[in-house]
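We have chain A; now place chain B onto it with these hints.
Residues per chain, in single letters:
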Amino acid sequence: MLNTAPHLQACDDFYEALIAAHQGLTTPESHAMNARLVLLLANHIGDQATLQHALQLARGGAAPTADRRASQAVTPVVPTHAVAA
Amino acid sequence: MNPRDIPAEAFHASGAEVQALDFGYVRSPDQDRATPAQHPIVVIGAGPVGLSLAIDLAQRGQRVVVLDNDHKLSIGSRAICFAKRTLEIWDRLGVGQRMVDKGVSWNLGKVFLKDEQLYEFNLLPEEGHERPAFINLQQYYAEAYLVERALQLPGIDIRWHNKVTAVESRADGALLSIDTPEGAYQIDAQWLVACDGARSHTRQMLGLESKGRIFQDRFLIADVKLAGDADFPTERWFWFDPPFHPNQSVLLHRQPDNVWRIDFQLGWDADPEEEKKPENIIPRVKALLGADAQFELDWASVYTFACLRMDQFVHDRVIFAGDSAHGVSPFGARGANSGVQDAENLAWKLDWVLQGRASPALVSTYGPEREYAADENLCNSTRATDFITPKSEVSRLFRDAALHLAREHAFARRIVNSGRLSVPATLHQSPLNTPDTDTFVSTQVPGAVLLDAPLTKQGQPTWLLRELGSDFTLVVFGPAPAWARDLPGAKVLQIGIDVIDHQALAAQRLDALPRTVYLVRPDQHVCARWRTPTEAAVRSALARATAAA
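The listed protein sequences derive, respectively, from chains A and B.
Quick note on numbering: this note's numbering labels position 2 of the first sequence as 2, and the sequence is numbered without any gaps.
Quick note on numbering: this note's numbering labels position 492 of the second sequence as 1492, and the sequence is numbered without any gaps.
Derived from the structure by calculation, the hints contain no laboratory data.
Do not take every clue at face value.
Stated by the list, open to error - Just a few of them, taken from the derived set where beta-carbon distance is under 10 Å, the chain B residues facing chain A:
(1) 1363
(2) 1393
(3) 1398
(4) 1401
(5) 1404
(6) 1405
(7) 1409
(8) 1414
(9) 1415
Claimed, not checked - Computed from the model, here is a short list of chain B residues facing chain A with C-beta under 10 Å:
(10) 1100
(11) 1102
(12) 1402
(13) 1411
The structure presented is a predicted model; accordingly, all values stated were derived computationally and were not measured.
In this text, a Cβ means the ideal position worked out from N, Cα and C, and glycines have one as well.
With the rest of the complex left out, here is chain B:
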């Protein structure tokens, strides 16, 4: 079926129905042209990263072609944990509420050793944030809502059954050869963004590599649908060496539709073909849930993983985002979440450059900013993996020592690492930041994602992040100086006038005094802050944040 004819209800249907959605091939007029069609932006891959990028660009008024060699949503639940920051980005893209409504919200994690709880942690221990630390949501639902949103935007042209077979990269663009059920055609793209996943075909076609460490261990994912009410609460439960799966780790997570994700460490010697047979999975699940548990196996997968990244994410006009650029182990939910942050970092920069508001140097800053973030994600996921699956006898010795001590001692619980869960990287050292000249006591340094806070506007509740503009925002505590109105590409948000900080949480989180000013980027990262700035200081910070200075 022509995807634009799919009724809205189909995107809000059951998991099985959503996974059965089939996006038909539609011939593009580009295929009838004698010469390659020209397009400003082509995105390869209609997954969470490619779709988020396309929606962001289209909302900014850009035209985007999305090419996908497939015609289906994600098979299986795959990336189930979507972090607070991803939800905030999706709020801006118009799909956050739908994700939260369907997803299972959670903040609490528990860690067990054998059959004993070692400790619990709250990932969002304070009030006054619109979004929870995480929702769990099957990837196919997330993709369904993103596709539905993308189809509403006339600027997006998603072409399923379009497989890119060759990429000729030039300094000013890339020529793509594309296979379709009706033969081949070509597109000449000013910018090409490869969001085509860990096995990125684009990366291979350009002879580029993603390098790093492979971990010699195998894991089994079993998604089981429980009959009746489950006894497990909506929390992340992690076991080291549980009695029902000795000497290995197990992770349990709740998903919508009464589906539970169980992740069993199997060890390197496990035979993946044997382990993914239902007759071998079911006894493992019963050992955890009890012999009488009534459940159906919804999806299963045996996987290995690696921590790796490309040396550079920007190659002339070809840009890599998401798993194509960097791969992490699943402990910490840093895969899809970091990919969506890549998309957000890139979207406004491409938009500004294509509008002629900034030079291509702005897009080049995507590289170092997101390579830095990828290093942080890789560092965290590698450390968690080394703790969960020690690679040497001595590593195992210290891991067990930490677990042993964690029963009684708070300090050792801090060492226990079952995954440091995704938070957005603070882009320290970004060339777009203007270093502080005034003193602040706050985590909101230049490079940090602005923290949310509850506000009211004309008596109605709202949130700080929702009140930011789509370009830059000058957040001013108190009345803004007259010159602030004339700043190019910046909305002025006066706290106490346009919006009311009724719980004083915005002022507290930003360590704000009267006349304090924060300059916030289109991707909601702080790029400068002052106690009482001059017009020249703000203009200079704006120029710097758009790579114009």
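Excised from the complex, chain A in its bound form:
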């Protein structure tokens, strides 16, 4: 389970550093930085169940889980393989 009890050593310092780290970045650059941050922290946590729990909490409810069969769309389709003349 994800630890959601207060755990940050210096929460004001962290928050200030987080905002400061984004200084001077455009919004797309900030989004990109956040994405890298998520991946870095996820790797540090490592445990899949803990990460799944974090995804649920962040989403504010049950996050949609990946469908093992990836068949949400039920349109029958056929790949086309057009051959060059």
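Okay, now just chain B, sitting in the frame of chain A:
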């Protein structure tokens, strides 16, 4: 020309000559019968899957009719990557060495971001396997060697120019209506296997569907034959956002005959008719190879793809195998390779049922086993496709974040997904497995394909997989108990007596101690293992593995 009169050299000729092979129509005595001819097994489709299945069945002594509406081998190189497991299966079918001799063997892949190498991976990082992780070989060569082998087997009757126009499925068989250049005839088949590809006409005739996701992206395949020596090594090279093809991906692969497969992502808006014109392909190739590169365009194709499968692969006596049953994106080489594994799974089961050694319940287990494998292949190819061609802004954001981090951080390189390349599915939860009761530390769980290992036999080198029997094999480390000789349908292979595990790799890979026993299926999957089994335990596992218990 009557296909049986084609000289052997014709199958070993150049790519152009092999592709020009034309298999003539031969009238079958079935066409002169007043009532439909009866056949135990009919296979529709003489591609890699249908031919592998027919050869396997014929080697087991079955008679097989193969119907193909065409009269040519594959047009273009198409499925070029044949995996280690496929080669091991083809070894059993007598064509593995020919494939490896002609093919380009490779184990190493490299992934680039822009003009910088992110990382490389070795798909077979250990010694002691007969076959490489992959060979690249144009599909027409693979099919030529399979056709040549099939024509050597009297049990196989391949009928080109035979188009199935109707299938009437019953609980105990299927009635086929077939069109030929000399009119229509009918066959009554006990078992019908549809290996007729992604657009399976058999599937449509039976009103069945293959469902899933289509990906809104287009790709261009260009096969180019380089003049002189190429600078690229025999490796799989994958670029994200290369300078010569910005914002898209490119895959480069070597094939035999100095032909290089280049796969360009084009995006959904690309016009396939425009993109497949040589005047538009050549500048793309030159951007990669250099303006001075001397090459000829060998084959080109613009394609889209989907990840989909049928809900069930077995419908009474009609069985689907290969692309007709499931379709994957090309990233991971899981199409033809999984189809050949389908064929191998099915062949021994049909044989045992037709010989009366097992009930039709055994053939029914093909369904859940290969549906499970298809799900694994679909899962892997869908994930790779989502990484290579992100479907949303946020998906793209994380993809780029992973690529960015991969330059410096090993963990992010593991996230980068340019295709998780085909390995055989471990059939966890198969009803044919006997669950472990003893403790093993090994990947060779019930359901896994047995790993190969180097052995010697009477002083000569051999391989573990080559020493397995065509039916079940009881692999015993040390002397086998006397009762093992009387097991029905099982060969006994004593490691240390019949064969010598001189590098101790078989024992290591199977976590074997003296008296350890593995029961291996005819398709070389482990179905049970013990430290010191009783006769009753082995007999019970055998019964279970043949759907008799």
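Status of the hints after comparison with the structure:
| no. | hint | in the structure |
| --- | --- | --- |
| 1 | 1363 | 24 Å, violated |
| 2 | 1393 | 9 Å, holds |
| 3 | 1398 | 5 Å, holds |
| 4 | 1401 | 4 Å, holds |
| 5 | 1404 | 6 Å, holds |
| 6 | 1405 | 6 Å, holds |
| 7 | 1409 | 8 Å, holds |
| 8 | 1414 | 9 Å, holds |
| 9 | 1415 | 7 Å, holds |
| 10 | 1100 | 27 Å, violated |
| 11 | 1102 | 23 Å, violated |
| 12 | 1402 | 6 Å, holds |
| 13 | 1411 | 4 Å, holds |
Violated hints, in rising order: 1, 10 and 11; the structure is consistent with all others.
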